[in-house]
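Got chain W sorted already, so can you dock chain B onto it with the hints?
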Amino acid sequence: MATATETSALPELTTDELARYSRHLILPEVGMEGQQKLKAAKVLCVGTGGLGSPLAFYLAAAGIGTLGLVDFDVVDASNLQRQIIHSTKDIGRKKLDSAAEKLTALNPALKVVKHETMLTSANALEILKDYDVVADGTDNFPTRYLVNDACVLLGIPNAYGSIFRFEGQASVFAAKEGPCYRCLYPEPPPPGLVPSCAEGGVLGILPGLVGVIQATEVIKLILGNGSPLIGRLLLVDSLNMKFRELKLRKNRECPVCGDNPTVTALIDYQNFCGIVPETPQEKNVKNGIPQITVKELKQRLDAGEDVQLIDVREPYEYQIAQIGGKLIPQNDVPNRLNEIDRNREVVVHCKSGGRSQRIAEFLQQAGYPRVVNVAGGITAWSDEIDPKVPKY
Amino acid sequence: MTIFIPTPLRQFANGKDTFEAKGATVSEALTHLTETHPDLRKHLFTGEGKVRSFVNLYLNDEDVRYLPEKESTQVSKTDTLSIIPSIAGGDWAVQADAAAPQLTTDL
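Protein chains in written order, with this note's numbering: chain W, 3 to 394; chain B, 4 to 110.
Because the hints were derived from the structure by calculation, they are not lab data.
No residue lacks a Cβ here, since even glycine has one placed at the ideal position from N, Cα and C.
Honestly, I wouldn't trust all of these hints.
The calculated lysine-lysine pairs, modelled on PhoX-like cross-linking and capped at a C-alpha distance of 25 Å, are [as the list claims (entries may be wrong)]:
no. : chain 1 : residue 1 : chain 2 : residue 2
1   : B       : K53       : W       : K252
2   : B       : K73       : W       : K252
3   : W       : K390      : W       : K300
4   : W       : K328      : W       : K252
5   : W       : K328      : W       : K44
6   : B       : K73       : B       : K45
7   : B       : K25       : B       : K45
8   : W       : K244      : B       : K80
9   : B       : K53       : B       : K19
10  : B       : K80       : W       : K249
11  : B       : K45       : W       : K288
12  : W       : K222      : W       : K249
13  : B       : K73       : W       : K249
14  : W       : K249      : B       : K53
15  : W       : K288      : W       : K252
16  : W       : K244      : B       : K19
17  : W       : K390      : W       : K328
Have a look at the derived ranges for each label pair, beta carbon to beta carbon [unchecked claim]:
no. : chain 1 : residue 1 : chain 2 : residue 2 : range
18  : W       : K285      : B       : K80       : 54 to 62 Å
19  : B       : N17       : W       : V278      : 32 to 40 Å
20  : B       : K80       : W       : F245      : 23 to 31 Å
21  : B       : T83       : W       : D385      : 44 to 52 Å
22  : W       : R346      : B       : T49       : 33 to 41 Å
Isolated chain W (complex conformation):
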């Protein structure tokens, strides 16, 4: 990594750069050599979303020479509450293009490398191998384990951050002698057991806080200065504004970074995280629950059919958008079965179809003979039937 670079091989700073980085240059902990190390450094930001926005912005400002960005998504209106690198005018645009434009406007000397792809087992090593430090700003488990394993295999430290509602975690993984993400969590949660990102919500400012912690760690790793978060898990509770720190140990039995690793090449991370691709049959029936599309639901409502539509989202979601279903939040369903007529067909919906599927399975087990799930939920309704129904 960059810290090992010989001083003699470090790039000279231009007159413009001496002026731009003067506040760094007069810091003894950075100084001329530190700023040159930053200029020589290549950092990869995985994701240009909530965490990636502040992370990439500050790294660009700090004088990192080469910044790689991995993203394949486009900017959506619901991103702007926290993904501050993107603007309202960028809605619908590729996140990579939007981010690269802001970063080079901030620092024209910055070399931005755009990787417009989803990081996979097939391309991760090839993409990551040229970087000195990786900053993981992903929001899903398969990619997080993929980034972790690739960093361990390549020996690249990973400045990690993760967020949920008001809480964040940060650490540095895969550093020499330090633990990796798998030492902390050997396995991901099975899908559906913990609320997914789309159900959980997040305070918009929180990724700013956590992303800037990640950026700080990246800079420290490159400078080789200070005490990085190696072997420490920082917990951020923004609601109570408390920062706590827990000790992380390298697990000698870790399958990736332990004494006798069993994972020596990248694996199938979708499968590892329990995500099984949908079979054609599952489009119609999933776990014994018939699935209907929003188009079919609309047709049946228009035809005046008897549809007992139950909305199992939370009241605050109902307040944002609803399509005429009776609101019974998922956790209230077991206690409010008397409000659901078992002699009529029950059509269950939520935001995107996950929670309603679980409730539909529950109702079936509770003896309801006819239960169907609305595939894609109210989001699909907004996309395919009525764009006036707000998406959130």
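For chain B alone, coordinates are given in the frame of chain W:
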């Protein structure tokens, strides 16, 4: 002892963020917690009663897995037990409060 309940699991503990648990060991304190809030059980333990691999328990700042006596470690009233599950992402909107101005459909 005080058990810190993380955000994703608070919905199974009547929304509480802490729980004052009785018991002489980590294990007994957890039993008190899950007997009071039975819905938490399946999120913390496997069917065989083992702590799930995506949930970590910290007695003060130490990982319980690395304590010599693990979950049988003695605890005192002033100790804290943190439940730290793996977390990922946030792709969502703010909660509209009844007293707050209505949000428009477009931002």
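How does the Cβ-Cβ distance of K285(W) and K80(B) compare with 54 to 62 Å: does it lie in that range?
With Cβ atoms ~55 Å apart, the hint holds.
Under the criterion that the straight-line Cα-Cα distance not exceed 25 Å, is the pair K53(B), K252(W) satisfied?
Holds, at roughly 21 Å.
Within 44 to 52 Å: is that where the Cβ-Cβ distance between T83(B) and D385(W) falls?
Holds, since T83(B) and D385(W) (Cβ atoms, about 46 Å apart) stay within the stated range.
Starting from the hint 23 to 31 Å, judge whether the C-beta atoms of K80(B) and F245(W) obey it.
holds (24 Å)
Proposed proximity, K288(W) with K45(B) (alpha carbon, max 25 Å)
holds (23 Å)
Is the Cα-Cα distance between K73(B) and K252(W) 25 Å or less?
holds (17 Å)
Next pair to validate is K249(W) with K53(B); report whether the Cα-Cα distance is within 25 Å.
holds (22 Å)
Can you confirm whether the C-alpha distance between K244(W) and K19(B) stays at or below 25 Å?
Given that 25 Å is the threshold and the Cα spacing comes to 17 Å, the pair holds.
The hint says 32 to 40 Å between N17(B) and V278(W); measuring C-beta to C-beta, is that right?
Since N17(B) and V278(W) have Cβ atoms about 34 Å apart, the given range 32 to 40 Å holds.
Is it true that the CA of K288(W) sits at most 25 Å from the CA of K252(W)?
The given pair, whose Cα atoms are some 40 Å apart, is violated under the 25 Å limit.
Holds or violated: K390(W) and K300(W), Cα atoms, limit 25 Å.
Holds, at about 15 Å.
Holds or violated: 33 to 41 Å for the Cβ distance of R346(W) and T49(B)?
holds (38 Å)
The structure fails to meet hints 4, 5, 15 from the earlier list, while all remaining hints are met.
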